Amino acid sequence: MRKYAKGEATHEQVAYVELCARAFATRAGFTAPRLQVVGAGPEFDAVVRAATSGLVGKVNPWLPFTQARHIILCGAVYRDVDERGTVERAIKEAAMVMQVAILAATEQGLGTCWMAGINHERVEMSYAMPDGAKLIAISTLGM
1 MRKYAKGEAT
11 HEQVAYVELC
21 ARAFATRAGF
31 TAPRLQVVGA
41 GPEFDAVVRA
51 ATSGLVGKVN
61 PWLPFTQARH
71 IILCGAVYRD
81 VDERGTVERA
91 IKEAAMVMQV
101 AILAATEQGL
111 GTCWMAGINH
121 ERVEMSYAMP
131 DGAKLIAIST
141 LGM
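Sequential numbering of the sequence shown, starting at 1, is according to this note's numbering.
One should not assume that every hint holds.
[As the list claims (entries may be wrong)] With a straight-line cut-off of 25 angstroms between C-alpha atoms, the simulated SDA-like cross-links for lysine to any residue are:
hint: 1; residue 1: 6; residue 2: 40
hint: 2; residue 1: 3; residue 2: 41
hint: 3; residue 1: 3; residue 2: 43
hint: 4; residue 1: 134; residue 2: 116
hint: 5; residue 1: 92; residue 2: 29
hint: 6; residue 1: 3; residue 2: 95
hint: 7; residue 1: 6; residue 2: 114
hint: 8; residue 1: 134; residue 2: 14
hint: 9; residue 1: 92; residue 2: 137
hint: 10; residue 1: 134; residue 2: 39
hint: 11; residue 1: 92; residue 2: 20
[To be verified] What follows is a list of derived Cβ distance ranges for each label pair:
hint: 12; residue 1: 117; residue 2: 84; range: 16 to 26 angstroms
hint: 13; residue 1: 43; residue 2: 117; range: 15 to 25 angstroms
hint: 14; residue 1: 64; residue 2: 130; range: 24 to 34 angstroms
hint: 15; residue 1: 89; residue 2: 41; range: 25 to 35 angstroms
hint: 16; residue 1: 106; residue 2: 28; range: 16 to 26 angstroms
Just so you know, the hints here were simulated from the structure itself, not pulled from any lab data.
If you're wondering where the values come from, they're calculated on a predicted model, not measured in any experiment.
From the three backbone atoms N, C-alpha and C, an ideal C-beta is built for every residue, glycine too.
Full structure from sequences and hints, please.
This is the structure we're talking about:
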């Protein structure tokens, strides 16, 4: 079980995580990754419910009980008809951007837990990623 302290990351900490991830993507020349941070509230609750729904969602049974008050969503823009190499590159770029977000969170003293064993389809139905990006992974973000 992942443990987080009660309380939430400050607006400045969350903004720093987003800034670092986006700056890395820009400097690396990546165009596919999309990163969003969702804070406590109805959207957060909907993402958690969607992520843990269905059989694959049972991989992270602790998620509905987390004290983390933010979730990082990382996706990639690609089309199902794109060549395999294009899709794989988009996914790898998104993974690198997510890793930078995780490192930036750690630098800020925040805890994270990268998860790919989630119900991607239901999360995408409950929370629209920017530019139609396909969800690659999520991470809790908390104190």
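Verification of the supplied hints:
Straight-line distance between C-alpha atoms of residue 6 and residue 40 comes to about 12 angstroms, which keeps the hinted pair within the 25 angstroms bound. Between the alpha carbons of residue 3 and residue 41 the distance comes to roughly 20 angstroms, so the proposed pair stays at or under 25 angstroms and holds. Proposed proximity of residue 3 and residue 43 is supported: the alpha carbons are some 21 angstroms apart, at most 25 angstroms. Proximity of residue 134 to residue 116 is assessed by CA-CA distance (about 12 angstroms); at most 25 angstroms being required, the pair is judged to hold.
Taking the CA atoms of residue 92 and residue 29, the gap is near 13 angstroms; set against the 25 angstroms cutoff, the hint holds. Restraint check for residue 3 and residue 95: the C-alpha separation of about 24 angstroms stays at or below 25 angstroms, so the hint holds. Between residue 6 and residue 114 the CA atoms are separated by roughly 20 angstroms; this keeps the pair inside 25 angstroms, and the hint holds. Our distance criterion of 25 angstroms between C-alpha atoms is met by residue 134 and residue 14, whose separation comes to about 22 angstroms.
A hinted pair counts as satisfied when its Cα atoms are at most 25 angstroms apart, and residue 92 with residue 137 qualifies at roughly 11 angstroms. Under the criterion of a C-alpha separation no larger than 25 angstroms, the hint pairing residue 134 with residue 39 is consistent with the structure, at around 20 angstroms. The suggested pairing of residue 92 with residue 20 holds, with an alpha-carbon distance near 17 angstroms, which does not exceed 25 angstroms. With their beta carbons about 23 angstroms apart, residue 117 and residue 84 fall inside the hinted range of 16 to 26 angstroms.
Between residue 43 and residue 117 the CB atoms are about 21 angstroms apart, so this pair conforms to the stated range of 15 to 25 angstroms. Checked against the hint of 24 to 34 angstroms, the pair residue 64 and residue 130 passes, with Cβ atoms roughly 25 angstroms apart. Between residue 89 and residue 41 the CB atoms are about 34 angstroms apart, so this pair conforms to the stated range of 25 to 35 angstroms. Take residue 106 and residue 28: their Cβ atoms lie about 20 angstroms apart, and the range 16 to 26 angstroms holds.
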